[in-house]
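Residue numbers (the numbering used here), protein chains in the order written: chain A, 67 to 348; chain B, 67 to 348; chain C, 67 to 348; chain D, 67 to 348.
Certain hints may be false.
Which copy? The list can't say, so a pair holds if one copy fits it or any two copies do.
[As the list claims (entries may be wrong)] Dumping the calculated DSS-like pairs for lysine-lysine here, alpha-carbon to alpha-carbon at most 30 Å: (1) 108 to 150; (2) 212 to 150; (3) 150 to 316; (4) 79 to 343; (5) 108 to 199; (6) 79 to 212; (7) 316 to 108; (8) 343 to 199; (9) 108 to 79; (10) 212 to 316; (11) 79 to 199; (12) 150 to 79; (13) 212 to 108.
Derived from the structure by calculation, the hints contain no laboratory data.
There are 4 protein chains.
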Amino acid sequence: MNAILLIDCPDRKGLVAAIADFLYRHGANILHADQHQDNEQKFFFMRVEWDLADFDLDEPSFEREFRPIASEFGMHWRVEWGPKRPAVAMFVSRYQHCLVDLLHRYQIGELPCTIAMIVSNHTDAGPLAGFYKIPFHHIPVSAANKAEAEARELELLEAGGVALIVLARYMQVLSPDFVARYPRQIINVHHSFLPAFSGARPYHAAFERGVKLIGATSHYVTNVLDEGPIIEQEVIRVSHRDRADDLVQKGRDVERIALSRGVQWHLEHRILCYGNKTVVFD
Amino acid sequence: MNAILLIDCPDRKGLVAAIADFLYRHGANILHADQHQDNEQKFFFMRVEWDLADFDLDEPSFEREFRPIASEFGMHWRVEWGPKRPAVAMFVSRYQHCLVDLLHRYQIGELPCTIAMIVSNHTDAGPLAGFYKIPFHHIPVSAANKAEAEARELELLEAGGVALIVLARYMQVLSPDFVARYPRQIINVHHSFLPAFSGARPYHAAFERGVKLIGATSHYVTNVLDEGPIIEQEVIRVSHRDRADDLVQKGRDVERIALSRGVQWHLEHRILCYGNKTVVFD
Amino acid sequence: MNAILLIDCPDRKGLVAAIADFLYRHGANILHADQHQDNEQKFFFMRVEWDLADFDLDEPSFEREFRPIASEFGMHWRVEWGPKRPAVAMFVSRYQHCLVDLLHRYQIGELPCTIAMIVSNHTDAGPLAGFYKIPFHHIPVSAANKAEAEARELELLEAGGVALIVLARYMQVLSPDFVARYPRQIINVHHSFLPAFSGARPYHAAFERGVKLIGATSHYVTNVLDEGPIIEQEVIRVSHRDRADDLVQKGRDVERIALSRGVQWHLEHRILCYGNKTVVFD
Amino acid sequence: MNAILLIDCPDRKGLVAAIADFLYRHGANILHADQHQDNEQKFFFMRVEWDLADFDLDEPSFEREFRPIASEFGMHWRVEWGPKRPAVAMFVSRYQHCLVDLLHRYQIGELPCTIAMIVSNHTDAGPLAGFYKIPFHHIPVSAANKAEAEARELELLEAGGVALIVLARYMQVLSPDFVARYPRQIINVHHSFLPAFSGARPYHAAFERGVKLIGATSHYVTNVLDEGPIIEQEVIRVSHRDRADDLVQKGRDVERIALSRGVQWHLEHRILCYGNKTVVFD
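For reference, chain A alone in the conformation it holds in the complex (with noise of 0.2 Å):
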């Protein structure tokens, strides 16, 4: 059983002894230890995992330990213990290939989460949710219910103890409100390479712009639309020969890579944020 400290604070001396030490002092067996720098703003992140066989410590009284440290070097930090398993809800409206892909990969062990609901604005995923065996839960979206929609979805992400949300190609705008609840916790598949053709219809923009690659990004969501933190980026190549419906399928393959990354190192707390970017450690 291992547990990941993540770390993000301003650069100091001493920093990484400090840590070391403390782990150290406590039996930790480091397994990953990864860490940068940011030296323009002077600011530093870590993560660290370790083997918890021979560490004395538990979380509760891990907690109580490490706190003097962090208070003195103004730590932002979070502690994962242990093998668990978030619940992770997936919002999908009609294109299922990205849903596909994850249910697959979380079927196989890829992802190291309980996908605790499938929350569709279409029934086109039903089926599919039932082969998987996770509850799916139809929940119509319009101008004029958003408001209900999104009390409803809540209240099921609240009762499922949900803690990251994946739009996996789920076409609706979530409210601030929404955003809110959900700080870094809710990730989304861009079907462009952002910051290029954000908003509606990125192919078709693609293709009147005549590029010659074509991109899908995974980003943390904002209530700023396309504009969050960035987690990952993909990209392929296209020609002449690519009518728009070319572009959409061939953008197909790179949303599932984007967006599965950036599943996947979210769940095994890899990224940390800072300003509107991530730091990604592999």
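Since the structure of chain A is provided, determine the placement of chains B, C and D on it from the hints.
Just chains B, C and D now, kept in the frame of chain A:
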């Protein structure tokens, strides 16, 4: 010795038959033939390259004999006859990485042209021009003397019979009049993955946005800055470990590739423009 | 409704003229035409797709009328008439990531075929076959029963009129007799960047060698293991941080892409083989 | 002024704490720190870079003070102190594309070294060496004079205090004695995606095999040809339209990139070797 025929016109039945029959009747030994049909816009594009060994027309008689067919189908066309090496002018400011790359490609025969001159608003590239024995013209450009500087440039270009201008990291915006003199004959490299980060300091903008891939774009210059038809794009992965300076360095690698491909394809008569897009026959 | 004509033959003057003239005389509205000339081997390849709306031949009369031209030029040719959906058999062992991917592509219309059956030496894929309502045949294979198992498979394939067999991570080597029954009709995905790491356990071999990129290859199956004509290859970057298991996971992403492209291109009649190589018209 | 400490040793609890504590006690302002643990082989790798401004040790006292810690943990280590620019020798035969590329990178400051000499078995690169004002040594090599030629080379290398030899398309195989004198100090670029197409004429072998991607590999030279630890690999897509010559040209682009990255990373002390593999800290 080969000839290359380039055609674009409204699509119509019998087009290929008419062209193929014409070439066959005159003894053409076809080496490469590519065509593209835009089935939405009903437009047709073709590039045929053939060996002139057994061909029974010379350039003037080809023009005369082919004209009736061209008229019948409303073709926009041109023929490139034999091993002419068009005169090329390289424009550069201070950064020489693209120029160094292009000059070596030129020296080893990758670029079928004659580099007739190097024009710069700085003196830095003078020694490199000297090494490759290419005339170097230092023409400083300021807000005050811009019209005068361009007049001097146009004089040189005309005197040199220049058929292609390559902006190999030339940091001055050309005036509409200048651009109008060389339609689809000026190739620029923009140091971003257009349409993302058009305008100045794209690497710094990319750094601020926190993208995970950066790119470069070669395109024909039009009077709308960074909006001309895209010829080629190339990208490279970056991470949170890369500072803005690292993006600048990594970007140089993709700039070299995007620009050199654009120049080579242009010189090999592989590019047809339509609307604001390119057909690139590989 | 469209038809597709595929031709390969020794290169000769007048070939394109003869074909284009034939199609024009019969009213073909050409949608796509691609050709390739191997100027060293003096060989010619062509793919033409046309709309049958105004075409004045049906399939039998086309065969009759085109035969004299084909004979004159020594063509190896075939025509694919109309929206036939060839029957495809998927062979799979335990790993289902390629199968999951192909079945969803099939469902949303990316693959113009009918998946007639899924054959497996394990039972794992049974439920997935059931979800997509595709007949599933569990045929265990061992050293002892191999001939018998293949006989059973061949019987099923013949009964189903199967025209393409996809080895979607099928871990059994097919016998020469089996392969001979389906020349250029069996597509396999090998989980390495061939010719590197042919044979068993390529990811572990790649890990041992310390490569910085891993790949996957789709190819036609011949009687020389991993040596058939390559259709498509895809690669992905790895680092010292990746253990052999990580290579296996990353590899799945490139396997899906290399295989699905190979299958789609085959079904769209874009692939011509010559010698041990492929021409892939995009 | 910075220092860089590189460590590899068996993994053990307390390692990081000991190192971090040591650096902290002496006032190090850490700029970058990377570590890697091979949890299968129980091996540990570290690279730390710190600002020497407030550091209270100089190089000799560092060596003295750090030695006990190093001994305790059985470390293999070295420290790179301050802005030393190691002397580098470039070996080249006739193809100069990698050399041209490296020399420009050197000139604009991408490569923290001094290029002390260019050695060639041909005279072609002489003028380029002259342009960059780098001593050029023409040392022809034949079966008959090989030992003598290498003796002359070794003499030059020793006199120049050369710490890294870059084989920038040098087509002679170095003798085991020569290689033994510069362990992990000779970087070669092989013009294929190793281990595919090792040996001579890899592009022609790739053409024959009909691969859809070609590559280049930079690696440390050992006494087993093309089998040394791989530093970097890069690939580029090819198609049936590419003749062997086109592969050679496309290959040059990936050779330049694979080699220049390898050289830069070596000079920035980012590479640790273990077994026949590399850890590359980015």
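So which hints don't hold here, by number, going up? Of the numbered hints given earlier, those the structure breaks are 2, 5, 6, 8, 10, 11 and 13, listed in rising order.
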